[in-house]
Every structure is written in structure tokens, then in C-alpha cells.
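There are 2 protein chains.
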Amino acid sequence: MPDQALQQMLDRSCWVCFATDEDDRTAEWVRPCRCRGSTKWVHQACLQRWVDEKQRGNSTARVACPQCNAEYLIVFPKLGPVVYVLDLADRLISKACPFAAAGIMVGSIYWTAVTYGAVTVMQVVGHKEGLDVMERADPLFLLIGLPTIPVMLILGKMIRWEDYVLRLWRKYSNKLQILNSIFPGIGCPVPRIPAEANPLADHVSATRILCGALVFPTIATIVGKLMFSSVNSNLQRTILGGIAFVAIKGAFKVYFKQQQYLRQAHRKILNYPEQEEA
Amino acid sequence: MPDQALQQMLDRSCWVCFATDEDDRTAEWVRPCRCRGSTKWVHQACLQRWVDEKQRGNSTARVACPQCNAEYLIVFPKLGPVVYVLDLADRLISKACPFAAAGIMVGSIYWTAVTYGAVTVMQVVGHKEGLDVMERADPLFLLIGLPTIPVMLILGKMIRWEDYVLRLWRKYSNKLQILNSIFPGIGCPVPRIPAEANPLADHVSATRILCGALVFPTIATIVGKLMFSSVNSNLQRTILGGIAFVAIKGAFKVYFKQQQYLRQAHRKILNYPEQEEA
Chain A
72 MPDQALQQML DRSCWVCFAT DEDDRTAEWV RPCRCRGSTK WVHQACLQRW
122 VDEKQRGNST ARVACPQCNA EYLIVFPKLG PVVYVLDLAD RLISKACPFA
172 AAGIMVGSIY WTAVTYGAVT VMQVVGHKEG LDVMERADPL FLLIGLPTIP
222 VMLILGKMIR WEDYVLRLWR KYSNKLQILN SIFPGIGCPV PRIPAEANPL
272 ADHVSATRIL CGALVFPTIA TIVGKLMFSS VNSNLQRTIL GGIAFVAIKG
322 AFKVYFKQQQ YLRQAHRKIL NYPEQEEA
Chain B
72 MPDQALQQML DRSCWVCFAT DEDDRTAEWV RPCRCRGSTK WVHQACLQRW
122 VDEKQRGNST ARVACPQCNA EYLIVFPKLG PVVYVLDLAD RLISKACPFA
172 AAGIMVGSIY WTAVTYGAVT VMQVVGHKEG LDVMERADPL FLLIGLPTIP
222 VMLILGKMIR WEDYVLRLWR KYSNKLQILN SIFPGIGCPV PRIPAEANPL
272 ADHVSATRIL CGALVFPTIA TIVGKLMFSS VNSNLQRTIL GGIAFVAIKG
322 AFKVYFKQQQ YLRQAHRKIL NYPEQEEA
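Just so you know, the protein sequences line up as chains A and B, in that order. So for the first sequence, the working numbering puts the first residue at 72; every next one is plus one. So for the second sequence, the working numbering puts the first residue at 72; every next one is plus one.
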């Protein structure tokens, strides 16, 4: 070994703890990167701690010398076959579990939809008849058909036919003079066109659609019993109740929105009170 | 009206469209705030549009004069009783729906937990016996008892007894020389204490707990059938299978974590290859 390299070896010092050979003869040294001079040598133990800090618990993270940017060559003892298999299984489970958990959530919502569908069938057609229908039906048809009930209700609820009726109403309102007698002020022109009202915050309108759709069969059954008690068939009575409810609610909604529209249109901004000026 | 005020009225101009009285004799004027001079007067119609813009669809938002900061006095036609009731109902529904939707979600998870509990009872105790037990049980007890099954499984899964065993192992490993023969290298001291490994990302560990807990009864049943087929009682067989599975899995896990620990402890950082230096 040339004298110069030997000399360098003898007066090396660790760039982590600054100790030299005299301070600790037994310590193991390593030159992990391309650096020369005072940052060439470092204790193996000191460097390990330094790398631990840099990795912050992620033992597979790569670490490089902050000065010459050379990546440290970190090697581990070979994995035994058992540990290799366990490691593989561990990583597979970690990868699969988020998807399995998502599957559980979807399964939970699906199962609730099936149950809701079954309850709705019994509610609309009648308890006993509903059970008979479902017992006779093909299980596969049930597992697909029942959850479509809430889906259909939600999609149906998303159809905003009232807004369509409102647009027609405003478009042809001046031709609707005859309606003026029933709904006063229905046909007269508005002094100004108010700004389009903000639609409800997304989450509120989404929850309104969900709740409105899921409670609809119950309301249809109640309205059916109240208004069409003379109709014997549960199904027909509930369907009539549903149609009546949609129509009545729609009429109220159209009227309400039109009144809000008119209210906005007839909004007034007053003069600032005189006396406050003096 | 004093001459000066009259004169001001005559040469007023709208600070939105800059039109004066001559440009539009019929336009309605308003002085909505404390401003004087050229920004005192404005057309009612122009100010309405300006306010619409400021409100961006939120018709109840308050608007103030950008200069004197006086709030505009915006008044609406009085609400009719029907519209008042409809408005009230509309706002109530908007407030209640988010909570109702949250209730539906919780109900969905609860209902899935009840179903999972029932399926697990039938799986562990046996299909027919499970049904008998549940038919004889008090419905209220079922509606509370069944969902606690998945809850108990999840809580049980969160007990990390393997880590406790590991800590004991590392604490008294040097006294465990006798184990050295079974698990080579189990007792010998480690060259360094590796950094604590990062726990799994929260969502991964949460999903692992959820999936591990919910799949446990199925695994316990299978292990029970494989290892304790001589045991007649379904329940006992499944319990034995569960205990065996937990013990075996725990042993593997402790061994695996200890091997990872040792692997980290015997990690080495090599010298940077010489030839690359020249």
C-alpha cells in the first residue's frame, strides 16, 4: 500500500463522531462514497445510525452521500426461504386488503339495497303477498332485481321535471291570462329577471335525493291508504298514492319556486334613510 | 325642496350606466347609501343587476356600498302564508337530509353487521343449529348481540399480542440460550439496535384489521375441520381451530418480525468500489 494511502489511513477521523483510530482501535471503518480527504472515512456504526435517521423508519429507502451524492451500498443478510415466503405473503396481504375492504363496503351497501328492495316489495304489494312473490321468484333474479328498486327510485328522483314545467310556465306565462284567476299574479310580466338561484350545496342536494327517493315508497303507501282506500289491490293503491303524491308535491314545488322567482323579481332597494345623513 | 338639492337631482347620473335624466326620463332612481356627489344616485334596475352579481346566486347575501360601506336596504314583497310554510318546510328538509343520509349509511353498516353476525353464528355452530338458536333467541337480544360479533372480532384483532411477545423475547433473548438449538441465532446479541420500523400506512393497517377480523371465523372453521375433525361439536371444533390458527399465525409473525429485526441489525454498508474512483 503506497505510503500516502497508509498515511491517510492512519490519521483518518469519523465525520460523524470525529473520533480517530487512537480513540477507538476496535471500531470498524468504511469509506461508503466517492468523497476524499476528511469526509472519506466514517465508522460503520456511526454511519448506520445516520442512515437510520435519514430513512425515518422506512428501511428500504435509498440513502446517498449529501456531498458527492453517491448512493450508499447497503446490504442485508440473505433471506431464509421461510422468511422470504412470509415477507411475500405480508406484502401481498398489504396490497390486497384495501381492495378487500372496499369490497366489504360495496357489499354492505349492496346487501342493504337488497334488504331495502325486499322490504319495499312487502310494503307495496302487502306483507304476505310480497313474501310469496319473493319465495316463488328465482333467487338470482331477486339478487339482481331487488337492489335495482332503490337505484330506480334514486334515478327517478333525479329527474327534475318541476324545473321543466317552470321553464314552460315562464315562457308562456303571458299567454296564461286565464290562470290569473286561480293563481293571482301568475300571468303578469315581471319587472326584472332575477339571477338564477344557486343550486343547493352538492352534499345537501345529494342527501335530499337519497332520502327523498328512499322514503317515497312509504309516503306512496300512506297517501294511497288515505286517498284511495276504496282500491282493494295494495299495488294499485300504492301506485295511485305515489302518482298523487308526485303530482301534489310537484304542483307545490312549481308554485313555490314561481313565487320565489316573483319575489326576487319584485325585490326593491330603498333609499338610505335621510336623518342618518345629518 | 332647497334649490341646491333640486339642482343636484336634475344633473344626477347613474354610477353604473352613467346615464342621466335626459337619457331616460322613465327610469327609477335610488340613493341607496351615504355617498354624496356623483355616486349618490343610481338606477334601481342597474343597482339590482349589480347586487345580483355581488350575491352570485345567494339571494339572501347582504350587500354593502363599496365606498361608504353602508348596507343596502333590500326588501321583498311579503310572503303569503302558503309560500311561508313551503319555505319553512324546504329549509327544514335541507337541514335534516344530511343527518338522515348519515343515518342511512350507519343503518346500512349496522344491517350488514347483523347479517354478518347471523352468518357467522350459522358458520360456527352449524347451519341448522344456528338457525334454531337464533329463532329461539329474543329478537332484541339478536339485534344487539349479532352486530357485536364483528365488533368483537375487530377489537380482538387490534390486540397486538405478537409485539408484546417480541418485546419480551428481545428483552430476555440472551437468557434464552437453550432456544438457540431450535431457532439458530435466536439468542445471540445483535451488533446494533435497528431503528423502529414505520408502522403500516394508517389506511392499509386499518383495512388489514378489518379484513383479518371478518375472515377469521371462516379460517377458524376451515382449520377446525382440518386439524380437529375428530371433535363432534361444531362450536368446539371451530373454537379449537381458531385458537390453533391464532397461535400458528402468531408464531410465524413473531418469527418473521424477529428475522426482519435481525436482518436490519446485521445490515452492512460497503466500501465504495475502488475502480470507480480512478
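Treat the hints with care, since some could be wrong.
Copies of the same chain look alike in the list, so a pair counts if it fits in one copy or across any two.
[Claimed, not checked] For lysine to aspartate or glutamate, the following DMTMM-like pairs were computed, each having C-alpha atoms within a straight-line distance of at most 25 Å: (1) Lys111 / Asp95; (2) Lys296 / Asp158; (3) Lys199 / Asp209; (4) Lys328 / Asp203; (5) Lys228 / Asp161; (6) Lys296 / Asp209; (7) Lys199 / Asp82; (8) Lys320 / Asp158; (9) Lys320 / Asp95; (10) Lys228 / Glu267; (11) Lys125 / Asp209; (12) Lys339 / Glu267; (13) Lys324 / Asp82; (14) Lys296 / Asp203.
What the hints contain is simulated information worked out from the structure, not anything from laboratory work. These figures come from a predicted structure and were not determined experimentally.
request  = Give me the numbers of the hints this structure contradicts, sorted from smallest to largest.
outcome  = Violated hints: 2, 4, 6, 7, 9, 11 and 13; rest satisfied.
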